[in-house]
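With the hints as constraints, model all of the structure from the sequences given.
Chain residues, written in single-letter form:
Protein chains: 2
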Amino acid sequence: MNRIVILGAGNVAHHLFKAFSTAEGFKVIQVYNHKPASLETFRSQVSITANLEEIKPAELYVLAIKDDAIEEIAAQLKNRDALVVHTSGSVGMDVLQKFERRGVFYPLQTFSKNKAVDLKSVPFCIEANNDEDVVILEALARNISEKVFKINSEQRASLHVAAVFVSNFVNYLYTEGEAICREKQVPFEILHPLIIETAEKVTKMKPFEAQTGPGKRNDKKVIQFHLAQLKEEQKKLYSFLTQSIQTLHGKEL
Amino acid sequence: MNRIVILGAGNVAHHLFKAFSTAEGFKVIQVYNHKPASLETFRSQVSITANLEEIKPAELYVLAIKDDAIEEIAAQLKNRDALVVHTSGSVGMDVLQKFERRGVFYPLQTFSKNKAVDLKSVPFCIEANNDEDVVILEALARNISEKVFKINSEQRASLHVAAVFVSNFVNYLYTEGEAICREKQVPFEILHPLIIETAEKVTKMKPFEAQTGPGKRNDKKVIQFHLAQLKEEQKKLYSFLTQSIQTLHGKEL
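Residue numbers (the working numbering), protein chains in the order written: chain R, 1 to 253; chain W, 1 to 253.
Keep in mind that the hints were calculated from the coordinates and are not lab data. Some hints could be false.
Identical chains share a label here; the pair holds if one copy fits it or two copies do between them.
[Said to hold, decoys possible] In silico DSSO-like links for lysine-lysine, alpha-carbon gap of 27 Å or less:
1) Lys-98 <-> Lys-221
2) Lys-147 <-> Lys-201
3) Lys-236 <-> Lys-27
4) Lys-201 <-> Lys-120
5) Lys-220 <-> Lys-18
6) Lys-56 <-> Lys-206
7) Lys-206 <-> Lys-184
8) Lys-147 <-> Lys-204
9) Lys-66 <-> Lys-18
10) Lys-35 <-> Lys-18
11) Lys-216 <-> Lys-35
12) Lys-120 <-> Lys-204
13) Lys-236 <-> Lys-120
14) Lys-147 <-> Lys-78
15) Lys-27 <-> Lys-216
16) Lys-35 <-> Lys-236
17) Lys-236 <-> Lys-216
18) Lys-216 <-> Lys-235
19) Lys-216 <-> Lys-231
20) Lys-150 <-> Lys-184
21) Lys-120 <-> Lys-184
22) Lys-78 <-> Lys-184
23) Lys-206 <-> Lys-147
Structural data, given as structure tokens:
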């Protein structure tokens, strides 16, 4: 049995705690957080502590805490023979270099408190300093998800940037689209099916091949028609992205 | 019985022809296209012609043709008492002003030949010059879709621009995300669940409220970490969008 201590009590910690509870061969024996209040929801289910001195011996320590706190909290762990992992997408494995056995256990998904996430379909990116620990993390990950990938720190850094493009920036474009609709009292829900279809399409074909629109076609009449409707900032964004699409697709034609 | 003549033989014409075939109270009696070759797939199912002189009398003419051709083709229709509609998102109803009874029948979705689309969930935006014709178009649209909206030309123009933001531009961001992954041999499929989740989220909450990421948080460390990994053009795009997110969310904080 691999005993696990989770450090952290945020969204990721909560989701992992729940998922680990049914994982064969693993058992969460303690949850730590520096703020005692946020441990309350764990109290009835597992041993809790807000004191790093009281951390129990375990085979695996999972640091599900803010990026900036990982190195500092890890430094205070006394069990130097255990496997220590963090769950961050943007922090390298080397931040844990004081530990011979170190790794990363990164679920690539946006977690929010109010929305249930089915971890089964969440990709887990794992990395460890030696092959035996990769096997352990893989076993744990496969217990809770169908999508497990071995990803090194450099690759994970790229994934993290790419995620900003396909999620954070995409959501910003949704925001602009919604604003354009709102101004003319057009229900944004008219665009929902197109949004879903556009997303689903790139799970089946390359985004490069899925590109359509006036930018790709270089349809100057429609582009002018669109620009004339936009505010200054939106115009800049529209021109910038249209130019980028034309540069990308022009190159390859 | 409302007899329909479809003018055009592209993706939209094909999808509409199929959907109209089961619409109660309507019947497609002819399909026209200027290129006879593209009419072949219709030959066994309906009367076809490549000659505008041979267009049959009908109650409804549906122009599912390129934006630039709408006015010219419409001008050659002899039946001035019929209802004449086009299917374009970016062309006003007034391009059909020679017809007392004019309208728009615009399905807001990306159609491609190789991919089946369930029209039931495709929003249809309808507009007509008089209330009786709105009723006719609404009846036709409700026969084939569960989502029918009365949208005037100005609103439709906004929808068309907004669609570029939430679909064409979004797809471009997917393309950049895929390129970043490809460079480091990271499978793009790791990002598929995040892409779907990000899209589905804005069908349930406002995109403004769904915004997350280092730009929104103004996490300078992560932003620098990301910029350092990007190529010149990607850097510009990243900085531009991060700035836009901060301007938008800063204003409202």
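Here is how each hint holds up against the structure:
1. Lys-98 <-> Lys-221: Between. Shortest inter-copy distance 23 Å satisfies the 27 Å Cα cut-off; intra-copy 61 Å does not.
2. Lys-147 <-> Lys-201: both (20 Å within a copy, 21 Å between copies)
3. Lys-236 <-> Lys-27: neither (53 Å within a copy, 46 Å between copies)
4. Lys-201 <-> Lys-120: both (22 Å within a copy, 18 Å between copies)
5. Lys-220 <-> Lys-18: The answer is neither: 54 Å in one copy and 32 Å across copies each exceed 27 Å.
6. Lys-56 <-> Lys-206: Answer is neither; intra-copy 48 Å and inter-copy 43 Å both fail.
7. Lys-206 <-> Lys-184: between (34 Å within a copy, 17 Å between copies)
8. Lys-147 <-> Lys-204: The answer is both: 17 Å in one copy and 26 Å across copies each meet 27 Å.
9. Lys-66 <-> Lys-18: within (20 Å within a copy, 54 Å between copies)
10. Lys-35 <-> Lys-18: within (20 Å within a copy, 62 Å between copies)
11. Lys-216 <-> Lys-35: between (52 Å within a copy, 25 Å between copies)
12. Lys-120 <-> Lys-204: The answer is both: 20 Å in one copy and 22 Å across copies each meet 27 Å.
13. Lys-236 <-> Lys-120: neither (41 Å within a copy, 36 Å between copies)
14. Lys-147 <-> Lys-78: Intra 32 Å, inter 61 Å, cutoff 27 Å: neither.
15. Lys-27 <-> Lys-216: neither (53 Å within a copy, 36 Å between copies)
16. Lys-35 <-> Lys-236: neither (45 Å within a copy, 40 Å between copies)
17. Lys-236 <-> Lys-216: both (17 Å within a copy, 20 Å between copies)
18. Lys-216 <-> Lys-235: both (17 Å within a copy, 21 Å between copies)
19. Lys-216 <-> Lys-231: Intra 22 Å, inter 22 Å, cutoff 27 Å: intra and inter.
20. Lys-150 <-> Lys-184: Between. Shortest inter-copy distance 13 Å satisfies the 27 Å Cα cut-off; intra-copy 48 Å does not.
21. Lys-120 <-> Lys-184: between (41 Å within a copy, 25 Å between copies)
22. Lys-78 <-> Lys-184: Neither: 61 Å inside a copy, 36 Å across copies.
23. Lys-206 <-> Lys-147: within (20 Å within a copy, 29 Å between copies)
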